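Student: Listed below are the residues making up each chain.
There are 2 protein chains.
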Amino acid sequence: MSQPAVVPIEGGAVTHRFVSLDTYDVRFPTSREFDGSDAMNADPDYSAAYVVLRTDAVGGGEAGGESTEGHGFAFTIGRGNDVQTAAIEALRPYLVGRLMKEVLDDLGGLYRELVYDSQLRWLGPEKGVMHMAISAVVNALWDLKAKRAGLPLWQLLSAMSPEELVDLVDFRYLSDALTPQEALRLLRRGERGRQERVQALLAGGYPAYATSPGWLGYDDAKLERLCREALAAGFTHIKLKVGADLDDDLRRMRIARQVCGPGVRIAIDANQRWDVGTAVEWVEALAPFDPWWVEEPTSPDDVVGHAAIARRIAPIPVATGEHVQNRVVFKQLLQLNAVSFVQLDAARVAGVNENVAILLLAAKFGVPVCPHAGGVGLCELVQHLSMFDYVAVSGSMHDRAIEYVDHLHEHFTDPVRMHRGHYLAPLAPGFSSTMRAESRARYAFPDGPVWRAGADAAGASPSR
Amino acid sequence: MSQPAVVPIEGGAVTHRFVSLDTYDVRFPTSREFDGSDAMNADPDYSAAYVVLRTDAVGGGEAGGESTEGHGFAFTIGRGNDVQTAAIEALRPYLVGRLMKEVLDDLGGLYRELVYDSQLRWLGPEKGVMHMAISAVVNALWDLKAKRAGLPLWQLLSAMSPEELVDLVDFRYLSDALTPQEALRLLRRGERGRQERVQALLAGGYPAYATSPGWLGYDDAKLERLCREALAAGFTHIKLKVGADLDDDLRRMRIARQVCGPGVRIAIDANQRWDVGTAVEWVEALAPFDPWWVEEPTSPDDVVGHAAIARRIAPIPVATGEHVQNRVVFKQLLQLNAVSFVQLDAARVAGVNENVAILLLAAKFGVPVCPHAGGVGLCELVQHLSMFDYVAVSGSMHDRAIEYVDHLHEHFTDPVRMHRGHYLAPLAPGFSSTMRAESRARYAFPDGPVWRAGADAAGASPSR
Numbered sequence: 028m029s030q031p032a033v034v035p036i037e038g039g040a041v042t043h044r045f046v047s048l049d050t051y052d053v054r055f056p057t058s059r060e061f062d063g064s065d066a067m068n069a070d071p072d073y074s075a076a077y078v079v080l081r082t083d084a085v086g087g088g089e090a091g092g093e094s095t096e097g098h099g100f101a102f103t104i105g106r107g108n109d110v111q112t113a114a115i116e117a118l119r120p121y122l123v124g125r126l127m128k129e130v131l132d133d134l135g136g137l138y139r140e141l142v143y144d145s146q147l148r149w150l151g152p153e154k155g156v157m158h159m160a161i162s163a164v165v166n167a168l169w170d171l172k173a174k175r176a177g178l179p180l181w182q183l184l185s186a187m188s189p190e191e192l193v194d195l196v197d198f199r200y201l202s203d204a205l206t207p208q209e210a211l212r213l214l215r216r217g218e219r220g221r222q223e224r225v226q227a228l229l230a231g232g233y234p235a236y237a238t239s240p241g242w243l244g245y246d247d248a249k250l251e252r253l254c255r256e257a258l259a260a261g262f263t264h265i266k267l268k269v270g271a272d273l274d275d276d277l278r279r280m281r282i283a284r285q286v287c288g289p290g291v292r293i294a295i296d297a298n299q300r301w302d303v304g305t306a307v308e309w310v311e312a313l314a315p316f317d318p319w320w321v322e323e324p325t326s327p328d329d330v331v332g333h334a335a336i337a338r339r340i341a342p343i344p345v346a347t348g349e350h351v352q353n354r355v356v357f358k359q360l361l362q363l364n365a366v367s368f369v370q371l372d373a374a375r376v377a378g379v380n381e382n383v384a385i386l387l388l389a390a391k392f393g394v395p396v397c398p399h400a401g402g403v404g405l406c407e408l409v410q411h412l413s414m415f416d417y418v419a420v421s422g423s424m425h426d427r428a429i430e431y432v433d434h435l436h437e438h439f440t441d442p443v444r445m446h447r448g449h450y451l452a453p454l455a456p457g458f459s460s461t462m463r464a465e466s467r468a469r470y471a472f473p474d475g476p477v478w479r480a481g482a483d484a485a486g487a488s489p490s491r
Numbered sequence: 028m029s030q031p032a033v034v035p036i037e038g039g040a041v042t043h044r045f046v047s048l049d050t051y052d053v054r055f056p057t058s059r060e061f062d063g064s065d066a067m068n069a070d071p072d073y074s075a076a077y078v079v080l081r082t083d084a085v086g087g088g089e090a091g092g093e094s095t096e097g098h099g100f101a102f103t104i105g106r107g108n109d110v111q112t113a114a115i116e117a118l119r120p121y122l123v124g125r126l127m128k129e130v131l132d133d134l135g136g137l138y139r140e141l142v143y144d145s146q147l148r149w150l151g152p153e154k155g156v157m158h159m160a161i162s163a164v165v166n167a168l169w170d171l172k173a174k175r176a177g178l179p180l181w182q183l184l185s186a187m188s189p190e191e192l193v194d195l196v197d198f199r200y201l202s203d204a205l206t207p208q209e210a211l212r213l214l215r216r217g218e219r220g221r222q223e224r225v226q227a228l229l230a231g232g233y234p235a236y237a238t239s240p241g242w243l244g245y246d247d248a249k250l251e252r253l254c255r256e257a258l259a260a261g262f263t264h265i266k267l268k269v270g271a272d273l274d275d276d277l278r279r280m281r282i283a284r285q286v287c288g289p290g291v292r293i294a295i296d297a298n299q300r301w302d303v304g305t306a307v308e309w310v311e312a313l314a315p316f317d318p319w320w321v322e323e324p325t326s327p328d329d330v331v332g333h334a335a336i337a338r339r340i341a342p343i344p345v346a347t348g349e350h351v352q353n354r355v356v357f358k359q360l361l362q363l364n365a366v367s368f369v370q371l372d373a374a375r376v377a378g379v380n381e382n383v384a385i386l387l388l389a390a391k392f393g394v395p396v397c398p399h400a401g402g403v404g405l406c407e408l409v410q411h412l413s414m415f416d417y418v419a420v421s422g423s424m425h426d427r428a429i430e431y432v433d434h435l436h437e438h439f440t441d442p443v444r445m446h447r448g449h450y451l452a453p454l455a456p457g458f459s460s461t462m463r464a465e466s467r468a469r470y471a472f473p474d475g476p477v478w479r480a481g482a483d484a485a486g487a488s489p490s491r
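Sequence lines, in order, name chains A and B. In terms of this note's numbering, the first sequence opens at residue 28 and continues consecutively. In terms of this note's numbering, the second sequence opens at residue 28 and continues consecutively.
The following block holds chain A by itself, in its conformation from the complex:
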């Protein structure tokens, strides 16, 4: 990389610098209970390749001492979390030693620097391990920026001008579908009513749907019980994992529909299990149970395949996104009418900046965004993106819901708060991305107490 120009500026906070980029390999032994099991991911150990950006600023402002650190992470499901952590460390030279204010004042610029590193780019470009590493660092910077502004991220973003928001986006490879000028027009159109929508979120939150009932590894009785619990908790939309065995899926879908009744939306999720032909046959078999959408019917890389499936199973809609690698693939899914729901992920594409691009693309094509969540801390992150989308981009909550999984929230200092099937708007400054220090220590891999103690219990799924 070319060394950033470092200009010493006198006076106050402008002289503060990033002093370290520290990573943590944190893994939760979720595979011991088969939580999170689906047709392609049989035994996940939900994990975070976690990063803390530290500065030499001392605490202060509304946010207290924490306002001097930015926290972020990439989500993985166990093995390879060390590789992901190594990738984050490769970005250290971009931050350490630089002026905090200069970086935070131009996060569009910093994001582009990371994506276009002339050597690291070869490892993607803009995909996989290296791109998720950029996500972790970019999100940590947004966390720090929001903490220092004393605002939750969704409100910080929602207060930015259309021009400032457009400047966050890298429009390279997008201009055949969305130009900066079109994005500006979209955002200006959305300026009216921003304050009312902020108030609506503060009063009523944002709709959620529940995935917890439907993991493949659960037996029928547990499925039925969890469906009832989801209804009792106020959810009107749930999701079932499918794709391993059609007879099982028919039986489980029947149970879910019986328990929920016709008024509840039941989405199905194949987690990339099928080829195009199989997807069509399988969904047609499940069609009598009125699935709300079919999610990840095939490879996340197969734009053309998604389009073929969408045509053939219409009017049942197709959804995808948690494994879509970047804005260029989302662009194509929208260009080919291959998806009716965009399921962006907070930590797979290059963080907030690339997700602003994806929200703008979805708005341009009039497709609702229903983010992927669950995992470790993904619910905490994506709520900010959906709320920003509602306030400043799409302006709508119609046909939109954020995935919700009741899982691992206790490890975060500002966990999501749910009420009657809705995410309540986060109020604490930052991106809700800060994991409790005790959790980072307790679940550190491989030397934290949980992994030392659990080495035997883990049995069939050693996380190395």
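Note that these hints are calculated values from the structure, not bench results. Just so it is clear, the structure is predicted and the values come from calculations on it, not from any experiment. We put the CB at the ideal spot given by N, CA and C, even for glycine. Mixed in with the good hints there might be a few duds.
Some chain A residues flagged as far from chain B (calculated, every beta-carbon gap over 10 Å) [what the hints assert, rightly or not]:
#: 1; residue: 43
#: 2; residue: 148
#: 3; residue: 188
#: 4; residue: 249
#: 5; residue: 308
#: 6; residue: 312
#: 7; residue: 344
#: 8; residue: 439
#: 9; residue: 467
These stretches of chain B come out as covered by chain A in the derived footprint (C-beta under 8 Å, 3 or more residues) [to be verified]:
#: 10; region: 196 to 209
#: 11; region: 343 to 353
With chain A held as given, fit chain B onto it using these hints.
Tutor: Chain B in isolation, oriented as in the chain A frame:
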């Protein structure tokens, strides 16, 4: 991972096991001379995340002592080679301790195990750092298998039956374009004449084209001199890097065309620099100089964009592939008629196995394969794939040429041999992937003598 069943078998080679997977971070300071500079990669330090698979077999057979080791690598361009190396190490548990014969007898099975690791898969799936790591290990296994068979890889593959070849391929996500049955038919059709084609390769080699003249960082005089040298060496096809500045490109293309005359094919390569609209305008401006193809006009992820460009600049053909992440994206490029040349890379997709799939897809769609090469050792690898393609898959050398860059070959024990613009068929057993031990030591990063000595000289491009 689930532990592989280890069944001790008595007698001879069947009891040998893999005893280690060792990695080496090897980097060549090529940026000091601007070799390899293009519109997106200004200062590459060509590097190998190198792997050696060692067994407890002792030397023997025709290949001598080396027949007990498999060598492979992922190619990177400098920073991040350590991340790539860490990713290869994450695959260690799949090999160490396992029976060599069992693994080598079912490389289709081993490849699928690696791709479908239920946790590592999350880091892609099938793309970027983790997928290139699989490439390195799979190719090292093929190297070992070919060494032990006493054959160069292209001949080993060319001697396999259609059924054995089909078994190497993962057809998941391909069946809407190519089924196992169709692949089998293609390969059976190609069985006739295999021996004659082997003889043709041994006698005359395989056509090459030269990229060395056209790097962006070279001045006009060097461009002209290198064009003349390429012609004198027998090349009838060269390639120029374009995309940074249109006036420069017009001038350089004019020089190249003047030096080469109308009979020589001159391809142009934009290395992903453009959006769709810019690509069309730029290529139209260069059209009077009769480019043979335009390579990587835009993002390698943009199948729809490549298709739009191809339609609009026809009859000038589009080529791409060196950054195409896997067979699923190649499938779509072919389905949408987005490419007229498939430029597979030996070490970006999951090694020999996935490249067999890509060769079959290209044959199905009747599109010639002209592999990407250059870098470190990529010429050494891809020659085997093109020669296998000629013998057993496409059966043709028409409109086909392997990229050639006269660079870093001296570091390999079995370097490519060129004659009058052709690759001569490699004769040594193995995949030609073995780097000299002295080179591995001398260019080891960061502690090898070249990097210790060159820390000052590297100047603007520190490789950390």
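Student: According to the definition I'm using, a residue is off the interface if its beta carbon is farther than 10 Å from all beta carbons of the partner; does residue 148(A) meet that for chain B?
Tutor: Given a closest Cβ separation of 7 Å, the condition is violated.
Student: Are all C-beta atoms of chain B more than 10 Å from that of residue 308(A)?
Tutor: 12 Å, holds
Student: According to the definition I'm using, a residue is off the interface if its beta carbon is farther than 10 Å from all beta carbons of the partner; does residue 43(A) meet that for chain B?
Tutor: 24 Å, holds
Student: Verify this label for me: residue 312(A) is non-interface relative to chain B, using a Cβ-Cβ cutoff of 10 Å.
Tutor: 18 Å, holds
Student: Please settle this one: residue 344(A) was flagged as non-interface, so is its CB more than 10 Å from every CB on chain B?
Tutor: Holds, because the least Cβ-Cβ distance between residue 344(A) and chain B comes to about 20 Å, which exceeds 10 Å.
Student: Beyond 10 Å from every chain B Cβ: check whether that's true for residue 439(A).
Tutor: 21 Å, holds
Student: Minimum C-beta separation from residue 467(A) to chain B exceeding 10 Å: can you confirm that?
Tutor: 20 Å, holds
Student: Per the coverage rule (Cβ-Cβ under 8 Å, at least three residues), is the region 343 to 353 of chain B covered by chain A?
Tutor: With 3 residues in contact (Cβ-Cβ under 8 Å with chain A), the coverage given for the region 343 to 353 of chain B holds.
Student: Taking C-beta pairs only, is residue 249(A) more than 10 Å away from all of chain B?
Tutor: Non-interface label on residue 249(A) holds, nearest chain B Cβ at 21 Å vs cutoff 10 Å.
Student: Quick one: see if chain A covers the region 196 to 209 of chain B, three-plus residues with Cβ-Cβ under 8 Å.
Tutor: Holds, because 5 residues of the region 196 to 209 of chain B bring their Cβ atoms closer than 8 Å to Cβ atoms of chain A.
Student: Closest CB-CB distance from residue 188(A) to chain B, is it above 10 Å?
Tutor: 25 Å, holds
In summary, the one numbered hint that this structure violates is 2.
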